[in-house]
Amino acid sequence: MVLVYINSTTGLSKAALETVTYGKKLGNDVTVITNGSASADQLANLGEYGASKVLVDRSVDGEDPQQLARLIASVADQVSASTVIFSHDIYGKAVAPRLSVRMKAGLISGAIAVPEADGSIKVNVFSGKAVGFVKVTSAKQIISLLPNSIQPEKTASTCGVEEISGLAGNSSIKVLETKKPEGNIPLPEAELVVSAGRGLKGPENWGMIDDLASALGAATACSRPVADIGWRPHHEHVGQTGVAIRPNLYIAVGISGAIQHLAGVNGSKVIVVVNTDTEAPFFKAADYGVVGDAFEVIPRLTEAVKRFKANQH
Amino acid sequence: MNILVCISKAPDTTSKIAFTNNLTQFDENGVQYIVNPYDEWYALVRALEIKESIGGNVTIVTVGTVSDEAVIRKALAIGADEAVRIDADPKDAFFVASQIAGYAKSKGFDLVMTGKETINYNGSQVGGMIAESLDLPFISLATKLDANGSLLTLEREIVGGVQVVEVQLPAVVSCAKGMAEQRIPNMRGIMAARTKPLTVIPAEEVEDLTNYVAYQMPNAKSSVKLIDPSNMDELVALLHNEAKVI
Ligand SMILES: Cc1cc2nc3c(=O)[nH]c(=O)nc-3n(C[C@H](O)[C@H](O)[C@H](O)COP(=O)(O)OP(=O)(O)OC[C@H]3O[C@@H](n4cnc5c(N)ncnc54)[C@H](O)[C@@H]3O)c2cc1C
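In the order they appear, the protein sequences are chains A and B. Letter 61 of the first sequence, counting from 1, is numbered 61 in my numbering, and no numbers are missing. Letter 207 of the second sequence, counting from 1, is numbered 207 in my numbering, and no numbers are missing.
The set of hints was computed from the structure by calculation and includes no laboratory data. Hints are not guaranteed to be accurate.
Claimed, not checked - Which residues of chain B face chain A? A few of them, derived with a C-beta cut under 8 Å, are:
hint, residue
1, 57
2, 146
3, 166
As the list claims (entries may be wrong) - Here are the computed lysine to any residue pairs in the SDA-like style, where the Cα-Cα straight-line distance is at most 20 Å:
hint, chain 1, residue 1, chain 2, residue 2
4, A, 24, A, 119
5, A, 180, B, 143
6, A, 179, B, 186
7, B, 74, B, 27
What the hints assert, rightly or not - Some residues of chain A that are not near chain B, with every Cβ distance over 10 Å (derived):
hint, residue
8, 29
9, 165
10, 204
11, 206
Just so it is clear, CB atoms sit at the ideal spot from N, CA and C, and this is done for glycine as well.
Generate coordinates for the entire structure from the input sequences, incorporating the hints supplied.
Structure below.
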């Protein structure tokens, strides 16, 4: 039996659908456990991605990993789950390790594919400079799936939803304030990313990056020095010491392609590099390269994207 | 405040990553080890700042062999008061967390801090596992931490934003960027580190739960296709028709 945890406080994210799809690929009987306020109808739709049943505890706000670990462990026990799946987001990072200890189940963090024939699972290691194959040596296993590693697949129809409560105990974390910038696409989940570095010369020049990103429907990212000097917020910093991402498309503008930067982005399916310097190391990791001045190339690219989008309709 | 900071070694970020033994083992040949940047830049430095402002003691702990003592001395040079090395080859995150929890259990630490992940295995597992083993609250990916008596106020990353939370000590916190600024050890620190206490304790018998069976280098990209900078329509067409990403 496979148990999938999703957080549905803000509806059903693509990452949530990916985890349910992943669960279905691992076992026929998939139970989803969730907390939060998504409607029963919304949750029933998880059946389409492979859930046979959804359990929801509306009394748990999901802010305390300890509470969630208690809840998920009890449910895992009740449904005799031998595999528990998370998305490798803050829940995969905060709750899955607790659950691993509680269930004595090996934890595979950041899976990027379904299990191999020998049962091992592929993960990024050395911040994306290599991949490793991890096997669990315990009877039970926990897997956290890196967002955007597989695509959600609809295979069945809606399923039953059951309300549960009383398994989670109290929360010991008090939330004072939540700040979520509106309208932004969270970087780890983004399929398209436009990223810029020191080649942009100053924060005032990011308008053209934002324009390109919004024309594409992409998230924005940056290199480390740019976040360090405060041109861009820290959460946009990608690389070995920032966020590791694997979007379908990564456009790098005015970024040299230092090894620490590449580490966080070379899992991207397609990389486009725009740089004035033919010798920039990033070109070696790129699929498409444009040798040119970002200040001329990017507005031109944005116009080309807009023309393309206009023709699509 | 009595703080425990968990330190891991990690290969220097410029290390060439390679594997030996039929791609089953990390090739340590020529690899320089550093203190894992998240542990050093954020967890350790913030612990020192707290100690400097309200007093207390900062202990660092690592699960490792005698060859890791250079990395431990570096962390002492930055300012930790004392170090503990649990003498074992770290097998997996569960093994490491169980050792650290076993050590910390009877020591009465107010706060246990880790980096958000190591830059070699990137698991983000040890902090949460220690918290569960010690039955303490866990705040992951914290970007700010302030202590006020027995109350901690933290900022932490959440999906698509940040959150301000409060928790009672004792607690376990994993630290991410924003928490503190890197400190470069000075000569005095380096000299002092040589004589600071480094206690070696034996490891407990703990099984591991996971095992890396093989590694692979990512597929090398075929050579880059250069596009004329004046023809961005061509790039868009390639991204649509050939790469199929837009
Ligand atoms: C321990 C450690 C960890 C690190 N972790 C990270 C990390 O996680 N992420 C990260 O990004 N870095 C990291 N770094 C830093 C990394 O080594 C590089 O210094 C950094 O990535 C360089 O950023 P950049 O490419 O924006 O700037 P630069 O290296 O200065 O490159 C700027 C580029 O812009 C180009 N350019 C200039 N003008 C234009 C123009 N008009 N149009 C187009 N192109 C132009 C230049 O040719 C150049 O290639 C780390 C370093 C260390 C030591």
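(request) List, from low to high, the hint numbers that the structure doesn't satisfy. (result) 1, 2, 6, 7
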